[in-house]
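Working from the sequences, and respecting the hints, build out all of it.
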Amino acid sequence: MVRWWATVVVGAAAALLFAWLGRVAGVSPQTLVTIGAGLAALMWTIVLVTWPWNLYFDARQVTAENAVSRERGIAVPESRDEEARRIARWMLRFAIGGHLGTAAVTAVFAAVSGELTGYYLAGFYLLSTLVRPAVAYFGHLRDRITSLRRDSTHPRDDVVTLTATVTSLTEAVEKVQRELDEARTAAADDLANLRRQATTDLTRLEDAQAADRAAARDRDEALKARIEHMARRIEGTLDGISDHQELLTGIRALVRMIRTDPA
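Mapping to the numbering used here: the sequence shown position 65 is 65, numbers consecutive.
FYI, nobody ran anything at the bench for these hints, they're computed from the structure.
Source: prediction; values computed, not measured.
Note that the Cβ used here is the ideal one computed from N, Cα and C, for glycine as well.
Worth double-checking, as some hints may not be accurate.
Claimed, not checked - Simulated restraints on C-beta separations:
1) A187 <-> D81: 52 to 58 Å
2) T50 <-> T167: 42 to 48 Å
3) A111 <-> G139: 34 to 40 Å
4) A134 <-> A104: 18 to 24 Å
5) T170 <-> R149: 32 to 38 Å
6) L169 <-> Y137: 41 to 47 Å
Written out as structure tokens, the structure reads:
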């Protein structure tokens, strides 16, 4: 919006400057009006042969590119072609209508004002209706030849091949991800099994140690009982002997020592 206002302000300033210079130079107002009308007509012609025709040919180019994409196997919705054709029709009507309407208005202005220049401008507008399509056609031929030459030397990227490659790489990555998940799950299961096995072995070892300690206690108690029994038998035997008192005292000391330290 600011750009349009700037254009209007600059145009108005240029018109005022042009009128002032004409007044200073002594040019008649009619001549100034004619020159100003010619400049305005030239600017309007530039607008007519630029914007609507550019949109028209761009829409046609979109339709052509969609056809090429379908030939290469790329899915393009039909609705895009319909929209592009609709825009092309409207822009073509607007462009031709703008040329014809401008030519008609210029001719009416020339007839009313009696200026012969208006008829020349009307003819110029009619001629410009054919000039832009001709220029665009030759530009299309130039682009087409350039495209053919480029395809023959450096073929453009095949989107289908790239899509297939990307799909293959995606599947490979997904496969590696699945294998990694399976390996992670298997490692977790193995670790859990090892933990359970270690717990079982530790429990079995503790049970075996407890059993060994119990058996050792039983053997120790049995040994102590046997030693005690033997000591009592020896003491009983010694009590029946009266001679050799010193020998008996030594044997009794030995028996007491055995009782004290059965190992």
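Against the structure, the hints:
{"no.": "1", "hint": "A187 <-> D81: 52 to 58 Å", "verdict": "55 Å, holds"}
{"no.": "2", "hint": "T50 <-> T167: 42 to 48 Å", "verdict": "43 Å, holds"}
{"no.": "3", "hint": "A111 <-> G139: 34 to 40 Å", "verdict": "37 Å, holds"}
{"no.": "4", "hint": "A134 <-> A104: 18 to 24 Å", "verdict": "22 Å, holds"}
{"no.": "5", "hint": "T170 <-> R149: 32 to 38 Å", "verdict": "35 Å, holds"}
{"no.": "6", "hint": "L169 <-> Y137: 41 to 47 Å", "verdict": "43 Å, holds"}
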